[in-house]
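Protein chains: 2
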Amino acid sequence: MMKKNTSGPIVGFIGIGVMGKSMVLNLMRGGYDIHVFTRTKTKAAELIDKGCSWQTSPAGVAAAADIIITMIGSPRDVEEVYLADAGVLAKARKGAIVIDMTTSSPQLAEQIYRQAKNLGISALDAPVSGGDIGAQQGTLSIMVGGDQEAFEQARPLFEIMGKNIVYQGPAGSGQHCKMANQIAVASTMVGVCESLRYAEKAGLDPTTVLQSIEAGAAGSWTLSNLAPRMIKGDFGPGFYVKHFIKDMNIALESCADIELRARGLQLAKELYDQIAADGGEYLGTHALYQYYK
Amino acid sequence: MMKKNTSGPIVGFIGIGVMGKSMVLNLMRGGYDIHVFTRTKTKAAELIDKGCSWQTSPAGVAAAADIIITMIGSPRDVEEVYLADAGVLAKARKGAIVIDMTTSSPQLAEQIYRQAKNLGISALDAPVSGGDIGAQQGTLSIMVGGDQEAFEQARPLFEIMGKNIVYQGPAGSGQHCKMANQIAVASTMVGVCESLRYAEKAGLDPTTVLQSIEAGAAGSWTLSNLAPRMIKGDFGPGFYVKHFIKDMNIALESCADIELRARGLQLAKELYDQIAADGGEYLGTHALYQYYK
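Here the protein sequences line up with chains B and L, keeping their order. Letter 222 of the first sequence, counting from 1, is numbered 222 in our numbering, and no numbers are missing. Letter 226 of the second sequence, counting from 1, is numbered 226 in our numbering, and no numbers are missing.
Keep in mind that the hints were calculated from the coordinates and are not lab data. Treat the hints loosely; a few may be bogus.
A pair counts as met if it fits within one copy or between any two copies, since identical chains are not told apart.
[To be verified] BS3-like mimics (lysine-lysine), calculated; alpha carbons at most 27 Å apart, straight line: (1) LYS232 x LYS269; (2) LYS117 x LYS201; (3) LYS91 x LYS41; (4) LYS293 x LYS242; (5) LYS163 x LYS91; (6) LYS246 x LYS201; (7) LYS201 x LYS94; (8) LYS43 x LYS201; (9) LYS293 x LYS246; (10) LYS94 x LYS43.
Build out the structure end to end from the sequences listed, making use of the hints.
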């Protein structure tokens with residue numbers, strides 16, 4: 001790997017949203033020299049103030065860096081940033097590592113991997129779970145697909161951004177693992193919302209019900225962490241309904257691809273589409289509780 | 001409460017299945033004098049050897065005891081044992097407490113409560129979670145509905161049989177709480193099975209996927225405890241498909257009663273009906289994994 005005259009590789013980071021910004025701040029604390037680009041420059045202002053180099057395009061970041069990380073909106077954005085004529089793959093140097101940490105399509109991750117490989121570039125797909133707080137605290141769970149050698153080279157960066165760093169297998173495997181995560185989340189959320197609304201409609205005190213059921217076979221992260229917020233009527237994110245729908249769409253396409261009929265996921269997607277249609281795209285995912293009346 | 005010349009109330013116990021037997025053994029260790037009846041006398045042989053008094057009918061148990069506990073098969077059995085002409089309510093003494101620990105219908109629990117009250121008998125509904133092992137170890141979670149005074153009188157018995165003893169409210173509330181538990185379990189199981197089968201069909205190693213997702217937002221008791229058994233192909237109970245279907249039928253009737261459209265529960269019931277139709281009634285509930293191919 002090329003080294004600059006700093007202590008490590010030059011890092012490029014594309015996509016400075018809530019997650020990306022926290023991840024860059026952690027990498028800066030780790031001593032990395034970082035070039036950033038994001039569509040709305042004001043979102044990067046704090047990072048630039050603190051010493052990040054601003055680039056005016058993904059191509060600029062790609063040309064400047066040894067390891068390029070992306071944390072952007074949707075598979076369509078990922079496709080454009082990586083595969084456009086002036087995209088990351090076209091401009092990255094030979095021997096560079098590109099890491100997409102967006103939750104995106106496994107099939108697209110495989111495509112980027114193949115094109116990258118032809119250009120002498122290593123591509124990893126490395127989506128995360130753990131949300132805003134995980135990104136801030138550097139405790140993200142990071143699920144990685146691609147060549148194991150590239151994974152090992154990128155590991156020091158992953159270890160700054162996350163805590164539970166797991167190599168899942170060849171290109172696309174990180175995204176597949178994230179889809180497995182979201183598929184479990186989807187039906188668990190359905191169960192928790194139905195359970196709590198049932199309790200309420202049956203005249204029970206939902207908090208007292210939690211005392212009975214939280215530690216047993218009905219227990220889940222969702223029940224312990226989101227049910228109390230449902231009970232309080234606090235439906236802010238958390239994780240946006242809009243983004244969860246995006247993830248479920250990717251998962252459903254991937255299910256079609258591997259011929260899995262995931263009926264729980266289909267149901268969850270249908271329920272969340274209704275919430276979005278009712279104007280709830282920017283509520284937290286636990287707003288599904290409100291669907292049950 | 002009437003006291004015999006032993007240290008506490010005489011306890012009657014009807015229904016010596018796997019759970020009931022362990023519960024009686026714990027009560028015996030607690031020093032209680034116990035009268036038992038179960039349909040198949042051989043199932044009570046060990047308890048009789050150890051000093052339980054055998055009664056030849058529910059009525060016999062009811063007449064002999066101050067506190068009568070039932071742990072039987074289905075709401076129909078509960079109805080018969082309590083409400084038949086020679087049933088528990090007809091034969092229990094005034095001032096007795098009857099406790100149904102079967103997972104049964106909340107509406108039936110309310111009916112038994114009302115009839116009992118008219119006869120000067122206190123009725124509690126107190127279903128449990130925690131399974132065979134919880135029953136053996138005296139660590140059941142017990143969810144109790146009925147009059148709080150009767151609950152307090154029965155509490156010493158509950159504390160011998162369980163660990164997480166929660167008073168949920170008036171008659172039927174214990175059963176409603178158990179239904180809330182089963183509703184959460186149902187969709188969580190769907191999510192875990194779909195997630196794991198997705199991972200497998202996508203070519204990932206499911207155990208490695210668990211490393212990534214178990215501790216985060218996808219985490220659940222089911223994922224931590226049953227997914228490893230799914231991966232190993234070990235589909236023995238655990239909790240029988242047959243009994244889970246019984247519980248889901250009660251929950252669906254109760255949902256109809258309180259006008260809740262629990263679509264996740266409906267889906268789970270449909271999937272489990274298919275497993276039963278395919279001969280899987282005596283598999284563990286996590287055999288749902290096999291449904292996804």
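Evaluation of the provided hints:
When the C-alpha separation of LYS232 and LYS269 is checked against a cutoff of 27 Å, the pair qualifies only within one copy, where the shortest distance is 25 Å, while the shortest distance between copies is 30 Å. In this homomeric assembly, LYS117 and LYS201 come within 27 Å of each other (Cα to Cα) only across copies, at 25 Å, whereas the closest approach inside a single copy is 57 Å. Taking the shortest alpha-carbon separations for LYS91 and LYS41, only the intra-copy value of 21 Å comes in at or below 27 Å, while the best inter-copy value is 81 Å. Taking CA atoms no more than 27 Å apart as the test, LYS293 paired with LYS242 passes inside one copy only; the shortest distance there is 21 Å, against 30 Å between copies.
In this assembly of identical chains, LYS163 and LYS91 lie within 27 Å of each other by CA distance neither inside one copy nor across copies; the values are 31 Å within and 63 Å between. In this assembly of identical chains, the alpha carbons of LYS246 and LYS201 lie at most 27 Å apart only when taken from different copies (21 Å versus 31 Å within one copy). Taking the closest pair of Cα atoms, LYS201 and LYS94 never come within 27 Å of each other, the shortest separation being 62 Å inside a single copy and 34 Å across copies. In this assembly of identical chains, the alpha carbons of LYS43 and LYS201 never lie at most 27 Å apart, being 44 Å within a copy and 40 Å across copies at closest.
Within a single copy, LYS293 and LYS246 get their C-alpha atoms as close as 25 Å, and across copies as close as 25 Å, so both meet the 27 Å cut-off. Taking the shortest Cα distances, LYS94 and LYS43 never come within 27 Å of each other, neither inside one copy (30 Å) nor across copies (74 Å).
The structure shown violates the earlier hints numbered 5, 7, 8 and 10.
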